[in-house]
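Make a model of the complete structure from these sequences and hints.
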Amino acid sequence: MNTRLLTFYLFLIFSASTTAQSIKGLVKDVGNEPVIGATVMVEGTSYGAVTDPLGFFEIKKLKPGDYRLKFSSVGYSNVIKEVTLGSADININVVLKEDKMQMDELVVVGYGVQRKREVTGAISKIGGKELNDLPVPSFEAALQGKVPGVQVTVGSGLAGSASIVRIRGISSISASGDPLYVVDGIPITQDYFILGNSGGMNNNPLATMNPDDIESVEVLKDAAANAIYGSRGANGVILITTKRGKGKGWKFGAQVKSGVSLPTARPKMLNNKEWLQMNQEAWENDGNSGIAPIPGGLTYDQALANNTNWVDQTITTGSKYGMNFSATKGGEKLTTYMNLSHDYNGSFLVGNSYTRTAARINLDYSPVQWAKIGINSSLSRGLNNRVNAGWSGGLGAAMSTALPIYPIRNADGTWFRGGNNPTRNKDNLAWETREIRALNGLNLTLTPIKDFVLQGQASYDYMDQNDDQWRSSEITGNANAGDAYRGMSYVKNFNYFVTGTYMKTLKENHHLQLLVGNEFQRANTTRRSADSTNVPGLFTENQAKLDAARRLSNNGTNWAFLSYFTRFNYNYKNRYFAQAVFRTDASSRFGSNYRWASFPSLSGSWIISEEDFMKGVKGLSYLKLRAGWGKSGNANIPDEARFATYSSATNNVLYNGDSTMFPLKLENQNIRWETSNNYDVAIEAGFFKDRLTLELDYYRKETKDVLMYLTIPASIGFGNYWDNVGGILNQGLEFSFKSRNIVSRNFQWTTNFNVARNFNEITSLGVYTEDAVSGGTNDTRVVVGKPVGTNYLIRWSRVDPNTGLPIYLDKAGNETSVYSNTNRTAVGKIIPDAIGGLTNTFRYKNWDMSILIIYSFGSNIYESSQKRQASLVTDWNMDERVYDRWQKPGDVTRFPKMTRDYRTYGLPDEWSNTSLWLKDGSYARLRNLTVGYNLDPARCKKMKLSSMRISAIATNLFTWTNYDGLDPEIGRDSEGGSNGELNSSRNMGSQNITYLTPPQEKTFSVQLSIEF
Amino acid sequence: MSVSMKKLLLISILFLSLGSCRKWLEIYPEGVQLEENAVKTQADLGLILVSCYDAMANHYNGRVQFFNELMGDNLEKPQSGFTVPIYLRTTNYFNSDVAGLYGDLYNVVFRLNYILLRMEDGTIVVDNAFKTRVTAEVKFLRAMIYFDLVRIWAQPIGTTADNSHLGVVIRKLPETTPKARGTVAENYNLILTDLGDAINNLPPSNGNYATQDAAKALLAKVYFQMNDYAKVKDVCNELIPKYTMDTTLNRFVNALNSSEKIFSFVSTGTGDNRAAAYINNYRFLNTTNPSPIRMSKSLYLEATADTLDRRSKFYVIYNQGSSAETYCISKFNYDFLSNPISYLTQLKLMRAEALAILGSDLSTAIGDVNDVIERAYGNQNNNLPTNTIAPDVILVVRKQRRLEFPMEGARVQDLKRIGVKEDPAGSGSVLIRNSKWNCPGLALQFPVNENTSVFKFNPEGGCE
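Heads up: the protein sequence lines correspond to chains A and B, in order.
Read in order, the letters of the first sequence are residues 1 to 1012 in the numbering used here.
Read in order, the letters of the second sequence are residues 10001 to 10464 in the numbering used here.
Keep in mind that a hint or two might mislead.
[Said to hold, decoys possible] Below, simulated BS3-like cross-link-like pairs (lysine-lysine); rule was C-alpha separation at most 25 Å, straight line: (1) A:Lys492 to B:Lys10023; (2) B:Lys10077 to B:Lys10297; (3) A:Lys24 to A:Lys129; (4) B:Lys10077 to A:Lys811; (5) A:Lys24 to A:Lys507; (6) A:Lys251 to A:Lys129.
FYI, nobody ran anything at the bench for these hints, they're computed from the structure.
Here's what the structure looks like:
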């Protein structure tokens, strides 16, 4: 539409005047929030109206006279108003008081809100307070144990690290298994592989989000709930709603917190004498005599004189502090929410911290009754002081190649360089990832005609990441001040949507709502780098060097989605609910033949407790049955997956001074959407006026055309390409209850419990074998009939007590001394059978205490790095578990005899996998213990405060597990990804495959919150 | 506002929103080209051909040679990494170094086959002269790659009488289907056919690119590996008169301008170094820092036994007398080097050995080997007497081959060739670092990505 036309229309709107007599007004709650969907009936007539999202209603064509208006809405007490209508319109504003049961809370459903009782899909809601109270690297970690069916694996103890979030199992293999995150209607950038794969755990784009800004998080789990996000709903959707101004007048809040971070476990590595003893034993076992060779160019005496505890060198007590100020203002026309926060989150790894500074302003302005303009705007900065960890060094080195016989410095004060020296590496490396994130949305809500609401939002999500590294001359070996590097990436994510909603109540009992919408999203990622030699520090401190640096521009990537959708809701007597959703999506990632896909969904629910025949059932306050079916999709593959590409003609690759051009990858124009058929049946029940509420869901998700980055025979000339292959089945049960066990004036006790059982199976792989997609370190595979992330290993039987040598099992289960890859078999899995959480909250007078226990049962952990930490002596240190080794005939031990030659065990190399390193990954842990004190309101009043709270919080205090490694909760970057491309095995190697992965952190903190 | 106006507004806005341009979804990759845009003309195919040289120059920068040396007896066991199993002859199909080289070589085969297909199927219009030359260059390069693929991933030619033992997958088209391995006979047939075509159509001179002589020199090496010495003699007789011996002892410092040069890969600077793997592996900085990869004691002793041999000066010993004694070679102590692939000394020593084995024209054989010895000593004092008998000539030639071509990957293939000829039963009379020349692990295992129902992997292990 051109501008002139728009201006003309606007002129018409504003110049027009109303002609009919009507009763109109606003319906709000006590918090001055509009009550949406409230029914206003003129008693004794068929006239009536339903309030729009602004709370506005209008009943037209009434003759003058006296009327009784009945205002009603689920969850609120009815209000009757008597009015006399004369020759002029009447304006009437009504405040409804809440009469809420748990089933009547509002739930964000995607492009709208519904009451929980109206919802026909599987949606779980978490209040912002629950997320904000927990000191976590990023807000999504706080979802752990609180939402049934949502597995959150916190990304080790590294500051700012990402959590791996999987909703109702894993239904993808190579395409991302991450849910879609939507903040105030904006699908945001969250991929933590966006900068590739570095340091042991990648920087997490979600960490810039201030948890204190979050009003609520809704997790959409089944297709009835997430089909409205059709194309990207296959892995579930996490809707984040930020706070907005409410109430009347200004309110201010301030929060300060401080704490410490410790590892949940410390590796118990050998000291110098112990290591030397093992080395010598292996040497002699191998048939040698004399002193065993010592690595690092050291003599035996030197080695004996050095005893460096590298774990102590890389682990410290991290500190944390944070402050947060907020101001909110409610009002008739303008509401405001503002927040300013600063958080310093130091981890237990020496030199590692994440600092977030964030500001947000959310404004809502209603210049006229039928229009509202809203602005959500946040600006945050994340500063990640990074260190190497895991496979990349740091604590990972302390657990591997940094031997205790190595000194930190030589006698002359120079750094020891003969072997891995993590202290030298850390002190000579400066590494910061700085991120600026601006998330801005502008929305407009109009009610141009009765019962119709038009909403539009345009948003811009901008992310600017600078990864700065500097290595001193000590590391580079060049005789200058050092080398600096900056990797820059800019992600611009533009999105708009427009929806029109028509609501109608017919004959009081038939409530209809139709939503039609259109959405478009386009994202652009640009990557550049700058590097320079002879720089005395990071580029951030050496601008002139940056200006003169060599700059490289990497290829940018772009993607776009175009979607049309509609949702129809029907509600009969607030008792029978039906919903139909249809969304059609197009993704630029697919070729024109396969670009569009449709995602329909049908669902319904029946509130049985509203039926007359249930009225007499004692104790039962609520009973609802719901069922749904729907399709959802996944297009989370690299933007260029389908193309056969060639290097640019100006690729700067010359041979003999001549230009070159070469193919980069194979084509597959037939890649199409990965789609899932979802079924969900559930019962929701409330007892004793909802003192006890239960929810039981059964779901089944059949995924087909699974997107896989397939390993193809290298003799083709390329190692991988993308294709849709095979299928995956997920099905499971979720059960949760909330119980207010004791409710008395001075003491309250509430229990929340949830458990989810998931069954996962790859149902087909087409023509491919289990090696088609590789996970972990060649330990995890895709196996038909087994779950995604199956540990596919040669089985270890035992140590031969006579020889001390390993005995393996062949495919048939017979013992053999031959190690052969043809004997690999499915022996474990990285996904648990059951996950869940238990929260008990106690309140005694002004004191409260909350205890969260999370658990995960039935998964395996593959401790991949232990193969070089036990019995096979390489250039790695070992941990104390090695003592359970064979030393003499007759010994019955866990580990075989020490050797320095892997061939002793029949292995082809020192990285060979066996089930000896496969562990039981079940655990339960005391995730959170919070004790709080709320200052007496009377005292608060004296201090001119509206509230004050002091709390002490401990996380990860205890863990119950049989796992003998560091920490059973293992979240990490999976190896293999680079250049921001999706990782071929990201769903198979990111959880429960540990390779020197740091433990989780244990934190203790105190927090003071005031409101005034 | 009247209801009709509002409706008009509403409908207009809805149309506005539904009118999202579908062209917004036509997004193409940046910084790269799509195939249909990239490959349109003869010149484009020419660019792809240069990229094949570029890629091969990178893969033959000492890396292909290193894999051969690891299996042989010229190197000490590497300190760590996936090259250790190559050294120990225990590779399995998860060895990422092995998979890397294998995939890289086949990637060049894909490019070469693509060029051939595009010329053959007429999708790119090419002139006859271009087609003739480029086809010949493609076939030369393809033969060179397959010759190394079959020597590294299969037991040597001659292991079975009819060479029906398995070689490598033959791909003559750019294709995406899994395939079974060809036999070694089929592999060598392809190599010989390709080289025949190349020789017939390559130009006599072609700058730094493949020439007729380059193809002939490769053909001589193929025959030599096949123990087909009569044909070695014929090809060498054709080529040797066209070149003269260079006095430089280290041919790497003069790979481009040497009078011996037949085919070399070109380096133009440190950023364009086609001997990078040689330099990264073997370069040592000073007397306290040995190179990452060290020489074997047996090479060191043989190469330094006679200090009058000026080549002995290339070798350096560290920690002499201690248990940590190590040996390095200084031929690669440079920032960058061009990379000699085929040159006269190879032909001379091949012809010398061939003639001695054939028992014909021994004086030419002795002359050839003496050219090499004379250069090494700087005088004729150590030359073979003209009456040296054939078996002694053979012994000396083989020793000279080891001393002349260290780290160039010739040694292990020499031992395999000799094994085929002199110990066909694998009785143990010809050993490669204590292992029978045909023990299974001396053919590297294929990468796991070849795991399809049609593919048969190599047996593993079985070596000392």
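Checking against the hints above, which ones are violated? 3 and 4
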